[in-house]
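**Q** Since chain U is already given, all that's left is putting chain H on it; use the hints.
Number of protein chains: 2
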Amino acid sequence: MTETSLIGKSMIRTDSVAKATGQAIYTADLKLPRMLVGKVLRSPYPHARILNIDTTRAERLKGVKAVITGKDGYDIKWGVFPYTQDHAMIPTDKVRYIGEEVAAVAAVDEETAMEALSLIEVEYEELPAVFTVEEAMKDGAPLIHDQYKNNINVHVHIEVGEVEKAFSEADIVLEDRFEAAGEMYGMMEPYAVVAYYTPEGYLDIYMPNAGPHVRAKALSNLLKMPLNKIRVRHINSGGAFGGRSEISPGDFVTSLLTIKSGRPVKLVYTREETSIATRQVHDIIAHIKTGAKKDGTIIAKEFKVYYNGGAYSSTGPIATSIPFYVYEETYRLPNLRYDGYRVLTNRPIRGMYRCHGRAFLAGNAMHMDKIAEEIGMDPTDIRIKNGIRAGEVTATGSKIISCGLEDTIKAAAKKSGWKKKRGKLPPYHGIGMGCLAIMCGFPMGFRSGSSAYVRVNEDGAATVISGVVDNGQGNESVVVQIAAHALGIPVSYVNLICSDTEATTHDPGAYSQAAVFVSGNAVRLAAEDARDKILTAASQYMKVDKEALTIEEGVIHLKDEPETAIKVSKAVRYAMSKGNHIQGYGTYIPKISFDREWVKNPYGQMAGTFSYGTSIAEVEVDPETGIIKLLRMVVAHDCGNPINPMAVEGQLEGSVGMGGVATILEEHVWDGGLQLNSDFLEYKLPLSVDMPEIDPILIQSMDPEGPYGAKEGGLTISMSAYKAIANAVYDATGVWMRFFPYTPDRVLKALEEKKAKS
Amino acid sequence: MTETSLIGKSMIRTDSVAKATGQAIYTADLKLPRMLVGKVLRSPYPHARILNIDTTRAERLKGVKAVITGKDGYDIKWGVFPYTQDHAMIPTDKVRYIGEEVAAVAAVDEETAMEALSLIEVEYEELPAVFTVEEAMKDGAPLIHDQYKNNINVHVHIEVGEVEKAFSEADIVLEDRFEAAGEMYGMMEPYAVVAYYTPEGYLDIYMPNAGPHVRAKALSNLLKMPLNKIRVRHINSGGAFGGRSEISPGDFVTSLLTIKSGRPVKLVYTREETSIATRQVHDIIAHIKTGAKKDGTIIAKEFKVYYNGGAYSSTGPIATSIPFYVYEETYRLPNLRYDGYRVLTNRPIRGMYRCHGRAFLAGNAMHMDKIAEEIGMDPTDIRIKNGIRAGEVTATGSKIISCGLEDTIKAAAKKSGWKKKRGKLPPYHGIGMGCLAIMCGFPMGFRSGSSAYVRVNEDGAATVISGVVDNGQGNESVVVQIAAHALGIPVSYVNLICSDTEATTHDPGAYSQAAVFVSGNAVRLAAEDARDKILTAASQYMKVDKEALTIEEGVIHLKDEPETAIKVSKAVRYAMSKGNHIQGYGTYIPKISFDREWVKNPYGQMAGTFSYGTSIAEVEVDPETGIIKLLRMVVAHDCGNPINPMAVEGQLEGSVGMGGVATILEEHVWDGGLQLNSDFLEYKLPLSVDMPEIDPILIQSMDPEGPYGAKEGGLTISMSAYKAIANAVYDATGVWMRFFPYTPDRVLKALEEKKAKS
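Taken in order, these protein sequences are the chains called U and H.
So in this note's numbering, spot 417 of the first sequence is number 417, and the numbers just go up one at a time.
So in this note's numbering, spot 403 of the second sequence is number 403, and the numbers just go up one at a time.
Next comes chain U alone, as it looks inside the complex (with noise of 0.2 Å):
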C-alpha cells in the first residue's frame, strides 16, 4: 500500500454525524401521503385452535381501511428450505406462542386501529403446550406441527472419521452438559414497516433488514408477486444482530393491509412486541464429549446440542449447525460426531444470533481448559497446538486460505500479561481465554454473490451502486473507502446508493460476513474498471501509455514523473466528449461449494474465507453478591486487512458488550409460554457502566481473496467473550460454570455447591 492508499485507514463513518446528532431517520419516521396506521392482534394463549375470528364489527368501524386474518394470505408457508416452509406468517389453524399473529387493522390513526383489534372476535380451543426441549421431545408431547416427529424441526447429523475408535484411544476423555439461556437482541429500534403496494401493482416497503434483496425474496415468494415489482428498501436502523435476518411476520401484515387498502401502511412494533414477535435467540443444552491424548491433541469429539426453536423452523436448519460449524473451523478434528436438533416449542421463534451457539462454544472451550490443566499445559500452548493453519482443510471440507489464530492467541495472551496472571491472580480474580473461526461468504444459493457499478461523473466524483446494508457495523463506510482507493480519488468523492432492491442489484446483504468479503469484492472489482476506463482517456489525452499512469487523490499522472498530471475530471469529461461514459461493472461470487447444502450435504467448501479471533477476559467475583465484573477484555482478531481499523474496533468493543457482557446480565425468564422480561425495564442489557476495558487488537494479514486483503470484523470476538469468560470464572473461583447467563444467583448457588462439596 502506497502512502496515499486509502486501505488501513481510519476514517468517521458515513452515518456518524447523523446518529450522533440524533437527525438520522429510521422507518418509524417515515410518513408517505395517506398513510394509515397498522396494528396486530396477537394470541393470547401459547397453543391454541383458531376455531372463529369475525371480523365484521371491525371492519365497520369509522376509518378502518382494512382488516385481515391469514385467510388474506396465498395459502404459501414460509422456510429456508423445502422442507422447513411450515410458517404461514398469520396461522388459519392454530396458534402457536403467546404474541402470534392472528389478524391485523389499517385505520386512520392508532387509537382507531387500536379500537378495531377489540372489537374482533376470536374463538380459540386451548391445547396443552410445551416450552422445553426436553418436553417437547418426549414421546406423547403435544405436536407444534404435525409433520415433525417429537417436534424435531432439524436434525443435523456430520460424522467425520472413526469417532468410537478415538475415543478407544484417548488419554483424557471429559463429557458435560451445558445449557444457555436465550436473550434479546436488544435493537434499541423497535421494529417497523412502512409499505404501499402502488395502484401499478408494485410492493414500495422500507424495514430494518439485514439484507434486503434476500427479503424482497421471501416476499416475493410469500405475496406470489415476481422480485422485481417488490422494492425493500433499507433506511437507518437501530441494530440488527442477526435478528434482522429474515423475513419477519411484521412485513407480511404490512403488505397484506397495504394491498387491501390500497393505501401506504406503517406498522410499528411497541418494545414489547419487538422482543415478542420478532426473532428471539435460541437457548441451547449442548452435551460434549471430548477425548485429547495426554499431549494436549484433541482427537475425539461427539456433541448431541439442542437448540429451543420456538413454534417454527426460521433459519433452523443454519442456526443448527453454525455452532457447530465456527467450531471445526478453528480447531484440528480428526473424528467427530455432531447431532444437531432443532426442536420446537410453543415459545416465539428463534432465529440467528451474532452470539448464537454459547453453551455449545463455551463447554468445548471449557473442555479444552479442563484437558490443559489435567495435563498441565498452558491454555494458550493447548489451543495452538490444536489451532487450525492455512492450507489444512477442516473435518467438513472446508479449505482454510488464510488463518491468523495463533497470532491472535499470542497477541492477546502478550497484551493481556497471560504469563504472569492465569492462576496467579487474587482469589476470586480469574483470567481466561477463548478462541474462534467465522466463515466470510457462506452459501446462500443465488444470493451468495453481489454485483456493483460505479459511475465517475465529469466532476471526478463517483457514485457506487451496490445492494451492501449496513445496520450499524459501518458496511456503507466501507464499501466507500474500497471505491475511492480503487479509483485514486478521496472517500468524500464517493456517494454510495445502496439497500434498495430496485435500484440495486444481486447482493447477499449483511449475512453471512459478506458485506466487506463479497459485497466490498465486487465494489473493488467495479471501481477497478472504472479506474482501467479512466485512465484509457488519460493515455489518450495525454497521449502517454496506459501503464505508465497512476491516480491518486483524484490526480492522474505519471507513475515516474508526478508532475505530467491531469485531474480525474479531465480525463472523465474528455472520454466523456469521446461518447464514453466512464461507469464500471464488478461482480463477485465467494468460491464456495454450490452444491452444498446445510442439512443434506454438510461436507464442502463453507465459504471463502475464514476470519480468526481470540478472546481474553479479566474479570473478578464477588462471592458476597455473586456479581461478576468483567474488568478487561483484550480482543485480538485476524480480520486480514482492515479497510477502516476504527470501525473493526468499533465492531470488537459491540462485540465484547454483546458476547461478554451480556453473559453475565442477559436472560429472558419465562412463566411457560409467557416471556416476563419483555422491556428495557425488567430485562438488564449491558449498560456504558457494565463495559470493562477493552484492548482491541487487530492482527493485520492480508487474505488473498477479500478485497485489499479484508475479511469480516467482529464476530469472532462476539463469540469468543462469552468462552473467555467462562474460563476467567473458573479461574476465578474454581468452578466450572455449565449454565448461562452468569446471573448472581447462579455464581452464588455455584459458589456454595463447591463449598459444600469441599
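Treat the hints with care, as some may be off.
Treat identical chains as interchangeable: a pair holds within one or across any two.
[Stated by the list, open to error] List time: in silico EDC-like cross-link candidates among lysine to aspartate or glutamate, alpha-carbon distance up to 20 Å:
no., residue 1, residue 2
1, 19, 204
2, 600, 159
3, 19, 164
4, 224, 459
5, 31, 204
6, 31, 109
7, 570, 595
8, 77, 459
These are computed hints drawn from the structure, not numbers from a lab.
**A** Just chain H, lined up with the frame of chain U:
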C-alpha cells in the same frame, strides 16, 4: 418484426391507473419527517434597486427555522452558456420583474411562514422599466443587465448562400411582420419542490422537471456542490411542455432553506406563482422576407426575429434559434439570413416551449401559401416541392437520414379531403395546412447521451435502470416496451427505475426529443446485451448453438424447433449457479457535431435524426362574433416506427390542443409588468369542449438510428398545428392574420379592416 414483436403494439401506459384513479403522488403530496413549509417573498416592482432587506423580525418569529435572501447564495449566476450567466436566482442588486424572488422563509407551518414573510422589510428604489422588445431595444432605454447593450441578450446570426443575389433573382418577393403574444404553459400541477439537506451533506431534492440529470448539474453549479451530492428526483408530474426544462429559482430557494435549517422543506407554489415565477412563453415579433421563383421554388429567405425574453437569459441561446432550425430542417433553403434577437424586458423569465416560435413558423407558412396562391399552385404541391428529403443536407449542415415529410403531406391531404375542400368550402369555412420537422437528440454537451442498465432476475423478470424521465408523454412506458421487446419477455415483466440522478446514470432527460431516441436506444442496447447473456447461458444449458436460439414471451427456444425450449428464468438461474449475474449495459450518444454550439458555431450536424409532421386544420369563422371554431384537425406524423402507437396518438391529440386550440384562445394579458390573467379563471386554457375532431395518422417508417426505427412523437404537430390554422383562417376569410392568438376581437377587427379595404 415478428408476430410476437412488442414494437408497434398499443399498450396501456404504466402510469395510467394511478393517474386515472387519482392515486398518483405528486411532489406537493410528499411528506418527510420534520418537514418545514417554505414561502417566498416576491418583488412588487418590475424594476427596482434593492436598498436593504431587514429579516430580523421574521427571524425572531417563533416557528421560523430559516430566513434567506440572495446573500445566502454562493455568488454564482446561472445561465445555459458561460456568456449568458446572469441569473443569481435570488438577486441582491435589483429586482427585474414583478414576482421575482427577494427572500424566503421556512417555518413549521404555512401560517407562520406567511406571517414571517410579512415581517421582512425590503427597501426598494424604483427604476424605470421596459416591457416590450421595441421599448427595450431603444437607445437610452433602461438596461436590465448592464452587460447587454440595448438589452439584447442573445443574437443568433446565420447566413447561408448569397441572400441578396437570390432575392434579386426571385420572381416573387414577400415581406411581412408577424407577431404572437406570450402564453402560459398551463400545467395542471402547480410548481412544487421538496428538499432535504442531510447531516452528511447530501441534497435530496424532488421537483417536477424534464431532466433530473440536467437539473442536478445546474444545482451543482449554483450550490458549489459535486454532482453526486445532489440527488434530484422526479415523481409524477402534471405536465412540462418545455416549461420545466430549466432550473427554477424555487429549486434554489428550497435548497438554501433546507441547508440553512437542516430540516426538510416543502415549497408549493400557488397557481399565480406558478404562472409568474416559473418560466413563461416568449412573445415574438418576426419579420420575414421570402423570395421564390414562379415555379414555387423558394430561393431566398431573410429573417429578423425578436424574442421577448423577460428579465434573464434562461435558455435564450437555444430559444432564439430553435424556430429557425426546425424550419430549415423542413425545407430546402439555399440562401438565407437569420437574425434572431432575444431581448430582455421587465417581465417574467421566458423559456423553452413545446409550441415555441408561433409568429415565426406560422408567418413562414403564410408566405408559403401566399406564393402558392400567387402562382396558382396547390399548397400541398409547393410544400412537397420545397420539402427536404432523406439524404439531403440542411442549410446549416445537418444530414437528413430519414424523412417522411412528403408522406405526411399526402396522407394528411388525402384523409382531410383536401382537394375537394381547399378553396371550395362555404363562406367562412376554410382549410389550411402546415408542415414541420423536429430534431431528435440535439447537442447538450456532456448530457447528450444516455446510459442504461438491465438486470434480469432468477424469476425471468427484469429491472431497467435509465435516466429517462416522463412528464406525461409516456416515455417510461416506451422504454419498458423497448426493453421487453429486446429481452423477449412480456411488458409486465419489466420494472423501470428512473428519474433519480443517483440511482440512474447519465441521461439528457426529456429535452431535445431524446426520450425515445436517445434514452430508448441506450435501454435497447442494455437489454440486447442482457439478452445475449441469457442466450449464452441457455445455449450452454441446452447444449445448442447460441445462434440457433431465440426468445419469445419469456421462452427461449430453437428457432427451427419451437418445442425445444426453456424458460428465461431457467437460463438466468443456470447462469447464476455458474457465478454469472444476467446484467446488460448500454450507452447511446446521438451522432451530432459535438463542437457545434447554439450561437457561436451554428453549423454542423444538429441532431441524430429528424421527425416530420403535417397538420391540416378545418375551421369555421363566425363573422358576427369573431369566434373561430376548429372543426377538425388531420395530423400526420412521421415518427419513424412508433413503439406505442396509442401513446403517439395521445401526444398528437395533446399537440392539437396546445399548438392548435391555444392559437384561438391563449394569451397572457399584461398591464406593463403586471400579468392580469395568471389563473385558470382568467386565462383561457382549451377545455375538452374546445377540442376539434382529430384524425391522427402515423406514417410508419424505419429510422436507421432510432431504437427499432423509432423517432420523436408529437412535437412536429404541436408546432405545425398553428400554421395550419393560420392558413385555414385565410381560406375561410381571405384575411392573413398576422397576430396571434386569433381571439374574437382580433378576428372581428381583421374582418372589419378587410371590409373597409374592399
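**Q** Evaluate residue 600 and residue 159 at a C-alpha cut-off of 20 Å and name the case that applies: within, between, both or neither.
**A** within (13 Å within a copy, 80 Å between copies)
**Q** Checking an output row: residue 31 and residue 204, CA cutoff 20 Å. Within, between, both or neither?
**A** Result: close both inside a copy and across copies, 13 Å intra and 16 Å inter.
**Q** Within a copy, between copies, both or neither: where do residue 570 and residue 595 come within 20 Å Cα-Cα?
**A** between (48 Å within a copy, 17 Å between copies)
**Q** Since the copies are identical, ignore which copy is meant and state whether residue 77 and residue 459 lie within 20 Å (CA to CA) inside a copy, between copies, both or neither.
**A** Answer is between: at 19 Å across copies they meet the 20 Å cutoff, but 50 Å inside does not.
**Q** Indicate which option fits the pair residue 19, residue 204 if close means a Cα-Cα distance not exceeding 20 Å: within, between, both or neither.
**A** between (25 Å within a copy, 18 Å between copies)
**Q** Is the C-alpha distance from residue 19 to residue 164 at most 20 Å within one copy, between copies, in both cases, or in neither?
**A** neither (55 Å within a copy, 73 Å between copies)
**Q** Evaluate residue 224 and residue 459 at a C-alpha cut-off of 20 Å and name the case that applies: within, between, both or neither.
**A** Only across copies: residue 224 and residue 459 sit 11 Å apart there, 44 Å inside one copy, limit 20 Å.
**Q** Please sort residue 31 with residue 109 into within, between, both or neither, judging by C-alpha distance up to 20 Å.
**A** both (13 Å within a copy, 17 Å between copies)
Of the numbered hints given earlier, the model fails hint 3 alone.
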